[in-house]
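Chemist: Residue numbers (the working numbering), protein chains in the order written: chain A, 1 to 283; chain B, 1001 to 1282.
Honestly, the hints are just simulated from the structure, not real lab data. Check the hints yourself; a few may be wrong.
Said to hold, decoys possible - Over 12 Å on every C-beta distance to chain A, these chain B residues come out as not near it, computed from the model:
1. R1028
2. A1029
3. G1041
4. G1065
5. A1071
6. L1094
7. I1141
8. R1176
9. L1178
10. A1200
11. T1202
12. G1214
13. A1227
14. Q1237
15. Q1238
16. W1276
To be verified - Example chain B residues on the side facing chain A (calculated, C-beta under 10 Å, incomplete):
17. Q1053
18. P1138
19. R1183
20. V1184
21. T1191
22. V1196
23. R1264
24. A1268
25. A1269
26. E1270
27. E1278
Where is the CB? At the ideal position from N, CA and C, for every residue including glycine.
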Amino acid sequence: MTATVPAVPAHSPGSPDSPALISFRDTVKHFPGPDGGFTALGGIGLDVAEGEFTAIVGPSGCGKSTLLAIAAGLVEPTSGEVLLDGRPVSGPGPDRGVVFQQYALFPWLTVRANVEFGLRTARVPRAERRRRAQHYIDLVGLADFADALPKTLSGGMKQRCAIARAYAADPRILLMDEPFGALDSLTRSQLQEQLLQTWERERRTVLFVTHDVDEAVFLASRVIVMASRPGRIDRTVEIPLPYPRTRATRLTAEFTALRTELWQAVQRSEPTARPASEATQEN
Amino acid sequence: MPRTRPPAPPPAGGLSKTSAKPPAGPVRAAARRRWTVRLLGAVSVLTGLALWQLLAALGAGGVPGPGPVAARGAELVADGTLIADALASLRRVLTGFALGTAAAIPVGALMGWYPTARALFEPWVQFFRVIPPLAIIPLAIVLLGIDEAPKITVIFLAAFLSTVVPVFQGVIGVERTLIDAARVLGAGDPTIFVRVVVPATTPFLFAGARIGLGASWSTLVAAELIAAQKGLGYRMQQAQLYYDLETIFVGIVSIGLLGLLMDRLLMAAERRATAWQERRAA
Ligand SMILES: Nc1ncnc2c1ncn2[C@@H]1O[C@H](COP(=O)(O)OP(=O)(O)OP(=O)(O)O)[C@@H](O)[C@H]1O
Ligand SMILES: [Mg+2]
């Protein structure tokens, strides 16, 4: 991978006194193509502090997945850069864990072997590998399915396995791209609560992309609202609900008020009179 | 054709994910279906044999019936020729097939993984693919003599060419997200290759290998018909000279049965190696 273009003097919105774990500096992603190509991200500036739970919401096609893929090192920005702990990101690394929407479990490996995958590439000794994998398998409640193949798991179980796999590699930041998007609402809220419990215990930085306003308010302490064409940050909504949050949190008046506020922010970020066909586009 | 069974009714209470195990009904139904398939297979074979017997009894073209052919087969087994011929043929096929498949895996993988390798290999693969392996036999005999070498060479070619394309396509088709998932878990190219690309390509490899085995087998017999001192094809060639129809039939049946057996073995291996795949119920 080649070095990225030096950043234009940054105008990063994060507070200067809290050191950012990951920061986007004027990150641009342009996909070349006929008629000039497509600018998926037009200059993103964003700082995420260590231990923060940040959600990203925005209309379909506004570049959320692209943003995450750049942070993961899977996609190179056209210009600008992403700093992890002050050092530019080039390529993927075990310091950033990713949970994909479509689970992306290795279908030929058991749950345990999937969870151990990152530990094996890191050459963690066998006994230690076992122990750590087991810890996260237990944590996500898959102990009874440790030796099962993914094809025998339900969607929710697959995603729990994918989360365990990302955690086991011990990343400093978890990048999650609509991880619960494909699940029914009951399973989804269960997994949200589980994820939050894990986060409250370990305080590992999370950057969480979602379509779901409720989900963003319930999980995050800060929600980034994106707008499209070109993909950019429209505004930031703070969610001052105290942690630990539980099922009861969803029923409070503050929760409802914040949800309404965020909902309106998302509505405003979308161009008006959007054709219905575009509104239903999925990637 | 077996009548297709209506799908099992969905378990009651569609929402509850914690419902108990499904009743044994579907399992028993599946077992019954398996037996039906076997029974129909047996009926089909017996009918075929009966038709053959009928043709022979009618004296169509002097075709010998199953009885005389079986008797001739027993004779050939007793005097050792059939076993020796079959072993000679099997050795050639297995050697050529093993070498061809072994070469197809790295070449197909390289073609799928590196565009440069693809550009280098593809014209040759495509060119040789349209030449029937049999057309190579005269050349192979001139260049390599009438020993084992020319036969194994053409079988090697047949197996290689049938397997290399599916492997290459399998590697190209490996799901992007699986490779990404491995990369974000810290895997470099060699690890991704061994731990993601190879397993993901296994179903394609087996599909190719089964075609390759069929191609090897037919190429072998043709090669033996032209130049050999033993082997099933050679035996049939000799029998043709003496108008020995029974021996020709023994040869045909042996070739068919051995081919079927090898295919079944490969299928069993495939089923084990790709048990992780989600597939429609057979
Ligand atoms: N490889 C690519 N080549 C060209 N255009 C691309 C490519 N990847 C993404 N895009 C475009 O970039 C835009 C942003 O895509 P992205 O997947 O990041 O959107 P998203 O916000 O994640 O959408 P969704 O909510 O539907 O998942 C889209 O308009 C898409 O068409
Ligand atoms: Mg997306």
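Chemist: Are there hints from earlier that the structure breaks, and if so, what are their numbers?
Modeler: 8, 9, 10, 11, 16, 17, 18, 23, 24, 25, 26
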